[in-house]
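Residue numbers (this note's numbering): 8 to 446.
The hints are simulated quantities; they were obtained by calculation from the structure and are not laboratory data. One should not assume that every hint holds.
Stated by the list, open to error - In silico DSS-like cross-links for lysine-lysine, where the CA-CA straight-line distance does not exceed 30 Å: (1) K201 with K385; (2) K109 with K41; (3) K355 with K247; (4) K41 with K205; (5) K247 with K233; (6) K181 with K355; (7) K142 with K36; (8) K442 with K385; (9) K442 with K41; (10) K355 with K142; (11) K205 with K109; (12) K89 with K142; (13) K293 with K142; (14) K233 with K205; (15) K181 with K252; (16) K89 with K205; (17) K201 with K36; (18) K137 with K293; (19) K109 with K247; (20) K385 with K142; (21) K205 with K181; (22) K89 with K137.
Unchecked claim - Here are the in silico distance ranges between beta carbons for each label pair: (23) F174 with L135: 21 to 27 Å; (24) F258 with G113: 14 to 20 Å; (25) D294 with L438: 48 to 54 Å; (26) L135 with N87: 16 to 22 Å; (27) F258 with V415: 18 to 24 Å; (28) L135 with F258: 37 to 43 Å.
C-beta atoms are modelled at their ideal positions from N, C-alpha and C, and glycine is treated no differently.
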Amino acid sequence: MTAMSQSKEPELLDSELKTVDLLLDVDQKPAPLKGLLLSFQHVFAMFGATILVPLTLGMPVSVALFASGVGTLIYQVATNFKVPVYLGSSFAYITAMSLAIKQMDGNISAAQTGILFVGLIYVVIAALVKLIGTKWIDTLLPPIVIGPMIIVIGLGLANSAVTNAGFVSGGNWKNMLVATVTFLIAAFINTKGKGFVKIIPFLFAIIGGYLVALCLGMVDLSPVAKAAWFELPGFILPFKTGVFKHYDLYFGPEMFAILPISIVTVAEHIGDHTVLSQICGRQFLKDPGLNRTLIGDGVATTVSAFLGGPANTTYGENTGVIGMTRIASVSVIRNAALIAIAFSFLGKFTALISTIPSAVLGGMSILLYGVIASNGLKVLIENRVDFGHIRNLIIASSMLVLGLGGAVLDLHALTLSGTALSAIVGVILNLILPKESQD
Numbered sequence: 008m009t010a011m012s013q014s015k016e017p018e019l020l021d022s023e024l025k026t027v028d029l030l031l032d033v034d035q036k037p038a039p040l041k042g043l044l045l046s047f048q049h050v051f052a053m054f055g056a057t058i059l060v061p062l063t064l065g066m067p068v069s070v071a072l073f074a075s076g077v078g079t080l081i082y083q084v085a086t087n088f089k090v091p092v093y094l095g096s097s098f099a100y101i102t103a104m105s106l107a108i109k110q111m112d113g114n115i116s117a118a119q120t121g122i123l124f125v126g127l128i129y130v131v132i133a134a135l136v137k138l139i140g141t142k143w144i145d146t147l148l149p150p151i152v153i154g155p156m157i158i159v160i161g162l163g164l165a166n167s168a169v170t171n172a173g174f175v176s177g178g179n180w181k182n183m184l185v186a187t188v189t190f191l192i193a194a195f196i197n198t199k200g201k202g203f204v205k206i207i208p209f210l211f212a213i214i215g216g217y218l219v220a221l222c223l224g225m226v227d228l229s230p231v232a233k234a235a236w237f238e239l240p241g242f243i244l245p246f247k248t249g250v251f252k253h254y255d256l257y258f259g260p261e262m263f264a265i266l267p268i269s270i271v272t273v274a275e276h277i278g279d280h281t282v283l284s285q286i287c288g289r290q291f292l293k294d295p296g297l298n299r300t301l302i303g304d305g306v307a308t309t310v311s312a313f314l315g316g317p318a319n320t321t322y323g324e325n326t327g328v329i330g331m332t333r334i335a336s337v338s339v340i341r342n343a344a345l346i347a348i349a350f351s352f353l354g355k356f357t358a359l360i361s362t363i364p365s366a367v368l369g370g371m372s373i374l375l376y377g378v379i380a381s382n383g384l385k386v387l388i389e390n391r392v393d394f395g396h397i398r399n400l401i402i403a404s405s406m407l408v409l410g411l412g413g414a415v416l417d418l419h420a421l422t423l424s425g426t427a428l429s430a431i432v433g434v435i436l437n438l439i440l441p442k443e444s445q446d
């Protein structure tokens, strides 16, 4: 998720797999009560991050929760219930979606259509993996491309985070205080937290910041009073129903600019499954196979976009829970998905989430976007990318300047800017620039 992984050769050698002493293996089930508690633990692990994405984008939280649960079930079916993965809202598309919504004057049609097609791109890549293998992925997406791309994604919304936090000229001291408290809670839990607490810093930070905002009179609880106890999620569909809001399928340049981000999330997908394979001592990228995991992730994302939700992605938080508890039961993950779906129908619960002040989100986002960008640096460091080679300098510097400098390439039929332009330039430069002799 937020710690986006670099693209690595997805086929692990058997010798690289750890000897894992799991308490419950993938196909085993815990006792009912224990299983319920374990499932709630996974819900708590994904909750803070999953609701943060729709809150940042102004989307219905209920739809994001519903889509994460349904998406996880779709993934489990696609992988024959062999992989203990939970899918939640993806941070990778926030920058591109926000820009598309802004360019469309608040209309979400371009953003939703783009995410819908991102899922279909996953399915196409899955078909290619099935037909010709995975070597081509490493050729297109080496660390020197993936690292700067992640940095651009992380820093692309830095200004938005700072603005929401109130750290601007003439900013309100209450906003700054709430943002600071939220930031510090997340930071201290990440650095000093133990066990399960360390896996859910977003959740604790949001709750802590919210309580401070409540004490300062910054929270309007009237939406909670007005909301029904039980209600349908606020779906936004690509057609008119008379019941739900709708958006139009839109195939303009704002939509196409979102698609290149799939380059990053495919690499993230491979990395997350490689890590999970090592934790569980199984070859998930061979059985059920990368093609099946990509299909599950892709179809889940398309369904989420169809319903008005964000893109889905594999969640590192839930992988962390598996590593900590040594319980890899797919049954536990499946029940966590059902709990998330149930939460999406609790009207007062989702209304309460919608009252979270922007200052809380700002404090969270300062840390979140910075961590995403830092993970881009981590990709470069862990893969020992040598910036003594001018080729690497050219690729990275071009991507960073174009991605963060507001560059726009207007081709009339297609306009590329920001992250999308940076990604395409990085891929092209990596393919056409000759490697130096010392490489």
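Query - Numbers of the earlier hints that this structure fails to satisfy, in rising order - result: Hints 2, 7, 9, 10, 11, 14, 15, 23, 25 and 28 not satisfied by this model.
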